[in-house]
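From first to last, the protein sequence lines stand for chains L and E.
Residues in the first sequence are numbered consecutively from 1, following my numbering.
Residues in the second sequence are numbered consecutively from 1001, following my numbering.
There may be inaccurate statements among the hints.
Coverage of chain E stretches by chain L, computed from C-beta distances (three or more under 8 Å per stretch; other residues unrestricted) [claimed, not checked]:
no., stretch
1, 1010-1017
2, 1344-1358
3, 1454-1467
Computed, partial: chain E to chain L, Cβ under 8 Å [what the hints assert, rightly or not]:
no., residue
4, Ile1379
5, Ser1419
6, Arg1422
7, Pro1447
8, Glu1450
Just so you know, the hints here were simulated from the structure itself, not pulled from any lab data.
Glycine is no exception: its CB is placed at the ideal position from the N, C-alpha and C atoms.
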Amino acid sequence: MTYDVVVDGKTHQLELTHGEKTWLCKIDGKEIEVDAALTARDVLSLLVGGKAYEIKRERSLQGELHMVIGSARYAVDVQDPRSLRTRRAIAGAEAGPQRLKAPMPGKIVRILVQEKDEVKAGQSILVMEAMKMQNEMKSPKDGRVQKILTAEGSTVNAGDALAIIE
Amino acid sequence: MFKRVLIANRGEIAVRIIRACREMGIESIAVFSDVDRKALHVRKADYAYHIGPATASESYLNADKILDVARRSQAEAIHPGYGFLSENARFARACADAGFKFIGPTPESMEMMGSKTRARQHMKRAGVPFVPGSERALDLNAMERLAEQIGYPVMLKAAAGGGGKGMRMVKAPGELHSAYENARSEAQRSFGDNEVYLEKFIVNPRHVEMQIFADEHGNAAYLGERECSVQRRHQKVLEESPSPIVDEDMRRRMGEVAVRVAKAANYHNAGTVEFLVDEQRNFYFLEMNTRLQVEHPVTELVTGLDLVHLQMRVAAGEKLPFRQEDIKVRGHAIECRVYAEDPDNNYFPSPGQITRLISPSGPGIRRDSGMYEGWNVPIEYDPLLAKLVGYGENRDQAIDRLQRALHEYFVGGIKTNISLFRRILRDPDFRAGNLDTGFLDRLLAKPYHEIDRQHPLMAAIGAAIFATLEPKATFSSATGASASANGNSVDPPAASNWRLSARAEALRTR
């Protein structure tokens, strides 16, 4: 199996093959022998040259894939270069309009932009209140506010689209 | 002793009280709202009754419904836990009127402590120290004289005030006049009342509280202090006992004041007297909490007492089973409040389904938890999930054990503040015991570098192996996100055992 794995923004080329009892892993041209055991759902035990790692897999609310090793959390993105689906997904991630979705039920307190405004990735679009706390919802990309789908004071459910950034 | 006790609460504290009931041979009655049918306290109790919708005011705060369940279930006593109805004197009175023992103080004590001005009058009479100040409105001349007498810096406060309005800090005599005029006009605008009073401004205060216990036969004792200075937005995050700055002599003086407070309020059962401590280790009475505290486990670990058992026994009319001289503080305990909140997103609450839970255990670790794997954390209530407490023969060992336990702790599917504790426990000021109520804000303002970030390649290899074993869970991001975002969804089926073992088998090809 061949993958491109992006860890914290850096891409690694990875080739995995089954060996006798272990996996042979070629990462960025370097060969490593890995003894892997899935010990529970989402919990992988790796032994590499006698060094033990426990890796926990987690999917965040925003859909990001995380690997947790000890107390460190790595954002990863696995791409199978041969798969049409992941190629499409990669293309879709950057291009085209994107919806800003409510991560949980709550109330819209303030809207900080207007339709047609130019926005930067990470810029606050609106302020939402849930569990008695206020939180700024940020733009997923550089672009323009195509549409605002909510209003100040309205109640929203988890997953509701709040705005479209194109 | 009671045969049956109703617990008018939820979450980890309800579980804590249910456990004490079982240990004492008391039957426990849980109550639950619509969203708590699957909550841990309902699973652990002997009986459980539905009391209404998710909104607290219609369920956990609804005294009529709770008393109705108490009647139907033939409870003898009601334990209110903390929060909700625990400091509601009207509820305590309604319990007594309906013939149920309220496990806590009398409604009269609660009312006295609930009113700041009344509490202050009574406590003054009992010789309890307050932050030096005028208590009532003063004119400028009187203020100048008083400020000179107690020393700068001083604080001007609106008599009708609250929320920081009409408050001015004055560092030197020259600033008093204009600060006085400004505070008066702001108080007038905000409250329609321009009277201001003056108090000493405590620089870098600590928040230290004293646990007390009193029976219904006139006996009272103090059970040592808790250092609660590590706070964020006035919410305690981490507590410990003993306090790094309190020695035997200070503990005795603080404890004796706390017992005087309890006696002046004719107090029964568990209570906590909060103090502000200045840099010279002078302490001043703040308020009394008339309930069991969230952070009671640290006191339990260093005194060897079970405070919930004691609450039951005292409420059942027993005398305190110890005298003051029997109380010894031994070792050191630190508690971390694990919340469902996102440290990377300004500590915004993070409800949702717990997809994976790996819990620490081992020497010197106590975990009081209200969560389990597969449970949905509801958005309606306080996001406290669990309390992780480390105990050791001294403070360093307690810290080391906690750090080890935090390393083992993993809560998947939702965000928690576990990483915040790793940061606090590593901080040189924390390790040295240099704490005040501004400590955490200063720590969070500093740039942060994870020291444990050495394995990005292992993360890549792990991700690729996961991808080979479970391509679906790796590539289809939409399904994973919606299942945990939707609080009402049916729990997704866990991977069945045979599939898991088949995959594990595939890993070790022979």
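Here's how the hints hold up against the structure:
1. Against chain L, the stretch 1010-1017 of chain E contributes 0 residues with a C-beta closer than 8 Å to a partner C-beta. That does not satisfy the three-residue criterion, and the hint is violated.
2. Counting residues of the stretch 1344-1358 of chain E whose beta carbon lies closer than 8 Å to any beta carbon of chain L gives 11, which reaches the threshold of three, so the coverage claim holds.
3. Evaluation of the coverage hint for the stretch 1454-1467 of chain E: fulfilled, as 14 residues show C-beta separations to chain L shorter than 8 Å, against a requirement of three.
4. Given the 8 Å rule on beta carbons, the hint for isoleucine 1379 of chain E holds: about 5 Å separates it from the nearest Cβ of chain L.
5. Because the beta carbon of serine 1419 of chain E sits about 7 Å from the nearest beta carbon in chain L, less than 8 Å, this interface hint is met.
6. Against a cut-off of 8 Å between C-beta atoms, the interface hint on arginine 1422 of chain E holds, since the closest Cβ of chain L lies about 5 Å away.
7. The interface hint given for proline 1447 of chain E is broken, as the beta carbon of that residue sits about 17 Å from the closest beta carbon of chain L, more than 8 Å.
8. Nearest Cβ of chain L to the Cβ of glutamate 1450 of chain E: about 6 Å, under the 8 Å cut. The hint holds.
Going through the hint list in order, the structure does not satisfy hints 1, 7.
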